[in-house]
Amino acid sequence: MKALELKGLGKTYATGRVALGGIDLSVEDGDFFALLGPNGAGKSTTIGIITSLVRKSTGTVKVYGVDIDEDFEAAKAQLGVVPQEFNFSMFESVLEIVLNQAGFYGLPRRQALVHAEECLRQVELWDNRHERSRTLSGGMKRRLMIARALVHQPRLLILDEPTAGVDIEVRRLMWDFLSELNRRGTTVILTTHYLEEAERLCRNIAIIDHGQIVENTTMKELLAKLRAETFVLDLKTPLQAAPSHPGFPLTLVDSTTLEAVVERGHPLNELFAFLGSQGIEVLSMRNKSNRLEELFMNLVTDHNRDGKAHV
Amino acid sequence: MSELAAMSLTQRYTVSFGTIVYKEVSRFMRIWLQTILPPAITMALYFVIFGHLIGPRIGQMHGFSYMQYIAPGLIMMSVITNAYANVVSSLFGAKFQRHIEEILVAPIPEILILLGFVTGGVVRGVLVGLVVTATALCFTELHVNSWGITLAVVVLTATLFSLAGLINALYAKKFDDISIVPTFILTPLTYLGGVFYSIDMLPAFWQKLSLGNPILYMVNAFRYGMLGVSDISIGVAFTVIGLFCVVLFLFSLQLLRSGVGLRT
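If you read the sequences in order, they're chains A and V. Quick note: the first sequence uses our numbering, first residue 299, plus one each step. Quick note: the second sequence uses our numbering, first residue 45, plus one each step.
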């Protein structure tokens, strides 16, 4: 069953700016789906339309088969949303915020308390439940928004850059939490700027740019399309200049750091054999950047150049 | 989700509506020093200055002391100001801090959002009205000619100005926009709405002009409920108030449904 189905979804603002140019997208029930794109690509507009904060210009949106034009209330009841910006009252306590949200969805206070405790414990905020939300740290505020979005037990959770601005420890805690949530059956759609996050968490991915879907596939297939990877090699002894090899473009970053671009399918043994023959000893090696980040940049750059997606 | 699915739509909507009202009432009760207490102090000053110091020089009006005559108008003035202020500041604040999105993303029909905010405004208006009445009782005796008319006028007037505050908040884009209407429209209309005088005292031209002021009908209907005297026929007053309520209600609902000021 499809958790979300978008057909020809378009949004043109009153200024004439086209934010979405008629996109088609579907997310299966139980999926962990990534929606990636640069700033202004149309990710938040898409989420805004699904959650009713933005009015669509064209197309249809179905949440678990329910068309938002026919029964928006029924569609919204199945959704939980974690927006990009903090959007709770700074004067309410953590518990009040979560309880009120449950109430807005129609959950009576007694049941809401049970759910609120469960959600706040899951995100490790139960001990802070009586604190005013404005006193929380950035990471705690993010976790509060997740607890609030889950209190009515939605089938589909949409997170718009949920880990923006949080430290790596909190981010990893949230990754584990979201993975567990998905494992227990909640469909998750994630937009993020941390591509490593999408690579680690998501099974399927769509890349959106200038209001168009430029790629929509599985994470595995997408990563398989990578043309080349860049490795950073830490050397034992300093070099004056980078050695030259026709198969591996090599660049000297500093006297003891060498970068090597390796085409997919090209064995690394060959690189090490060459370096060995030059008397260069390698102490350690790592990927220069996230693989998905490279691919993402290729896709977006190519799309901007000629309006088509290339990898 | 299963718990929600097991509930009827009416049950869910009742909880949703109750939560909006609860949130609204909690908001103004949390800051009662800014919302409930100031009208009592302001009205106490009105009673001291206009009632005790100036009132005796004015003498009786329609058979009542000046203090007794202005008391219903002052109570109504507080109800109007506070019902309006509650909704305009709460809704604009929610828009500004973006926590209005908590309600917008939830499965709540627009009419319940409207009724929730308006009920919050009515509760504050009535509560402040009671506080000001208690203050008035410290200075003068008050009689109630008709409890039914008195309560109906208070609730209808608070509803009307809560709706007006909601419309203001929907259109407002900055904080200045929520103070312009109270400063330049609401306050002059209230002061010229017969709070401190009977329109019988005005020249004919100004009497006729005053009839275009909707607040005159509310103040006089309330004064009739309490003292049994009014410059306006009570039937006409109720018709005007009722019509304004219906028009503003339908207009507010249309604004909410079309997403003005809330959805892009």
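Please note that the accuracy of each hint is not assured.
Said to hold, decoys possible - 20 angstroms max Cα-Cα, derived SDA-like pairs, lysine to any residue:
id	chain 1	residue 1	chain 2	residue 2
1	V	LYS139	A	ASN385
2	V	LYS139	A	GLU390
3	V	LYS217	A	SER391
4	V	LYS217	A	ARG432
5	A	LYS360	V	ALA49
6	V	LYS217	A	ASN385
7	V	LYS139	A	PHE389
8	A	LYS439	V	LYS217
9	V	LYS139	A	GLU383
10	V	LYS217	A	GLU390
11	V	LYS139	A	LYS360
12	V	LYS217	A	LYS360
13	V	LYS139	A	GLN382
14	V	LYS252	A	GLU390
15	A	LYS439	V	GLN141
16	V	LYS217	A	VAL352
If you're looking for bench data, these hints aren't it; they were derived computationally from the structure.
Here is how each hint holds up against the structure:
1. LYS139/V <-> ASN385/A: Roughly 9 angstroms separates the two Cα atoms, so the pair holds.
2. LYS139/V <-> GLU390/A: 16 angstroms, holds
3. LYS217/V <-> SER391/A: Measuring from Cα to Cα gives roughly 27 angstroms; hence the hint is violated.
4. LYS217/V <-> ARG432/A: Roughly 24 angstroms between the alpha carbons, so the hint for LYS217/V and ARG432/A is violated.
5. LYS360/A <-> ALA49/V: 18 angstroms, holds
6. LYS217/V <-> ASN385/A: 17 angstroms, holds
7. LYS139/V <-> PHE389/A: Distance of about 14 angstroms is within 20 angstroms: holds.
8. LYS439/A <-> LYS217/V: 26 angstroms, violated
9. LYS139/V <-> GLU383/A: 13 angstroms, holds
10. LYS217/V <-> GLU390/A: Status violated; Cα separation ~24 angstroms.
11. LYS139/V <-> LYS360/A: Violated: LYS139/V and LYS360/A sit about 27 angstroms apart, past 20 angstroms.
12. LYS217/V <-> LYS360/A: 32 angstroms, violated
13. LYS139/V <-> GLN382/A: 16 angstroms, holds
14. LYS252/V <-> GLU390/A: Not satisfied, since the Cα-Cα distance of roughly 49 angstroms exceeds 20 angstroms.
15. LYS439/A <-> GLN141/V: With a Cα-Cα distance of about 14 angstroms, the restraint between LYS439/A and GLN141/V holds, given a limit of 20 angstroms.
16. LYS217/V <-> VAL352/A: It holds: about 17 angstroms lies between the C-alpha atoms, which stays within 20 angstroms.
Figure legend: structure checked against the earlier numbered hints; hints not met, in rising order: 3, 4, 8, 10, 11, 12, 14.
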